[in-house]
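Chemist: Residue-level listing of the chains:
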Amino acid sequence: MTASLQKGINALKEVIDAPVASFFASCVHCGLCAEACLFYTETGDPKYTPIHKLEPLKRVYRQEYTLLGRLAKMAGLAKPVSDDELEAWSELVYDSCTMCGRCSMVCPVGNDLTYMIRKLREGMAVSGHAPEGIIMATKRTVDQGGPMGLKWPAVQNVIKHQETDTGLSIPVDQAGAEYMVLLSSMEVVNYPEYLGALARIFNKAGITWTLSSEAYEATNAGIQIGASDLAREIVSRIVNAAEKLGVKKVLSPECGHAYMAIRWEGPNLMGRPYKFEVVHVLEMLDELRAKGVLKMKDKLKTPVTLHDPCQIVRRGGVLNAPEALVREVVVEFRPMTDHGKMNWCCGGGGGASAIHEPAAEALRFTAFKRKKSQLEETGVNTMVTFCANCRITLEEAIDHYEMNTQLLGLTELLAEHLED
Amino acid sequence: MNEMELLTWARGTALNLAIGLFLLGMLWRLVEIYTLGRKPDLAPPRKAEGATGWHTILRRSLSPPGMLKRSPISYIGGYIFHIGLFIVVFLFAQHIKLIQSLTGLYWPGLPSQVIDAVTVVTLATMLLVLFDRINNPVKRFLSTFGDYLAWALTFLPLLTGFLAAKHLLLPYTTMLAIHILSVELLLIALPFTKLIHVFTLFASRWYNGDINGKRGVPV
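Line by line, the protein sequences give chains S and R. Just so we're aligned, residue 1 is where the first sequence starts under the numbering used here, counting upward by one. Just so we're aligned, residue 1001 is where the second sequence starts under the numbering used here, counting upward by one.
No lab work stands behind these hints, which were simulated from the structure alone. Quick caveat, the model's predicted, so the values are computed rather than measured. A portion of the hints provided could be inaccurate.
Derived DEER-like restraints, expressed as beta-carbon distance ranges [unchecked claim]:
| hint | chain 1 | residue 1 | chain 2 | residue 2 | range |
| --- | --- | --- | --- | --- | --- |
| 1 | S | 154 | R | 1065 | 38 to 46 Å |
| 2 | S | 64 | R | 1097 | 43 to 51 Å |
| 3 | R | 1137 | S | 293 | 51 to 59 Å |
| 4 | S | 70 | R | 1089 | 27 to 35 Å |
| 5 | S | 77 | R | 1094 | 51 to 59 Å |
| 6 | S | 55 | R | 1098 | 34 to 42 Å |
| 7 | S | 82 | R | 1042 | 31 to 39 Å |
| 8 | R | 1065 | S | 327 | 15 to 23 Å |
Think of the CB as a built atom: it goes at the ideal place given N, C-alpha and C, for glycine as much as any other residue.
Produce the entire structure from the sequences given, and follow the hints as far as they go.
Modeler: So, in structure tokens, the structure goes:
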């Protein structure tokens, strides 16, 4: 056995806990998780059945933690997990799983399969079987500050532009502000208007805020690849900066995995609760809406539908804010049939969009057919969403299928129609 | 050993042995699974209506939105054979008498004609879900020897019980002995096959409901 494989198996042994054991014991091989997974529904290939993706973790569990499994192992009857097998599984654990969490919603015996995929990725990453694309994104975040290699001077540039565009100042490193705002690289690069939109909203609401020159990147490829040590390093950068500035709250950007990382995984990675609160930008906006601060001067005339990013809604718990906010700013809202916590993934979450191999990309386009048919069912050409990664994935697919669909970011849409 | 002796053995020694092995096996498995424990979640929870493990234990008995249409045989077949098994096991007068003799607890049963009808429907449904397991590409792909074994271990007691009660195929005494022995096999195997879900599914649902409930998502 190679040293890296041994490390991987040790990592798996470490993450196996009572829920994992209970889930594996309970599985009746009914296959209903497949029916909830867009990689199965759109390809019809049974290998994409979520519980099958967990096979290596299941075998390690059985061989290490059950009486019968240990006996079988001693008698040489158990098939050990091998490097070749993990390599083959990389496609199932990364390319074809976005950790969207839909399978965990439907399993009749109650298995949280996504919880287990997240754990399996720990072993995959340590044993060297994670996809190159996500490894590089994680490395860049640790070494350079962001998954796209974006450094502070580039952010400063965006700040300057947005200050000119909005005529408002964008505070940096201001101690004692109520909110410390985090960004995601994709927003800075592709949708810089997000920052200007926030500046206008904070100004309007009279809330103090700041950016931190030490921690501006919220995305965390460490949790996607399954490397807790790197994920911890990325999170601690934010936590240290926020606690140094003494802010009350940290504002997570629209980006889905950023929210999962900083809000839900972060305290567990750090091993302690934070001295501040983490708020998703939509939660804050919805609070302002409820208070009557977020008033619109007009509404978008075209009918729209909403794509709910998995990590924010189903997995993150921001369930009601999105629809309430969309209804505030549009004339006609047509929800998709499966929406909210039952929404279907864009196909690019969980790090999948960072995998640039042709087969993975082709699979993403196939999986997108689910979203495409959902969209066509609503009969509208404008889709609002609130995750930079979903947006990139959706845009690529919309181009690929030459669809006539316009994508809008929710925060920017609100800012555009905000009362002056 | 004649059939009377076989029945006496099945009802006596074998039953005690099977119950003993079942209890030991269950105890072992439950300890093996649940003493693994889990780390506390340090993220401050979000409160939401209906987002707890207890809610999920109940809620997961219903089909989630859109799923019934995607897999009608799994849901409808699943409901019928589970409810059918429950009725036959716990509401057949003869079974209640046995439980009373073992534990002192008893409750009213259903008329035997009703039990007969439920048994036939359950047997037919179990054949249907077996067919579905072989026919459905995902189920066939996932299926192992354990799945077919679990099916057979469940089907046999139901079938032999029905044949015994109806005096079919074999003399009553022999069939009853076979019926009891098949139940004993089921008991011994239960902790070590997927049939253990009868017990663990409650904990699994609870964990899922708790993990996601802390994030404010009723699952």
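Chemist: None of the hints should be skipped; say for each whether it holds.
Modeler: Results of checking the hints against the structure:
1. S:154 / R:1065: 38 to 46 Å: With a Cβ separation near 43 Å, residue 154 of chain S and residue 1065 of chain R satisfy 38 to 46 Å, so the hint holds.
2. S:64 / R:1097: 43 to 51 Å: holds (45 Å)
3. R:1137 / S:293: 51 to 59 Å: Holds, since residue 1137 of chain R and residue 293 of chain S (Cβ atoms, about 54 Å apart) stay within the stated range.
4. S:70 / R:1089: 27 to 35 Å: For residue 70 of chain S and residue 1089 of chain R the Cβ distance comes to about 33 Å; the hint holds.
5. S:77 / R:1094: 51 to 59 Å: violated (41 Å)
6. S:55 / R:1098: 34 to 42 Å: Because 41 Å falls inside the window, the suggested range holds.
7. S:82 / R:1042: 31 to 39 Å: holds (35 Å)
8. R:1065 / S:327: 15 to 23 Å: 21 Å Cβ-Cβ, so the 15 to 23 Å window holds.
In the structure shown, a violation is registered for the earlier hint numbered 5 alone.
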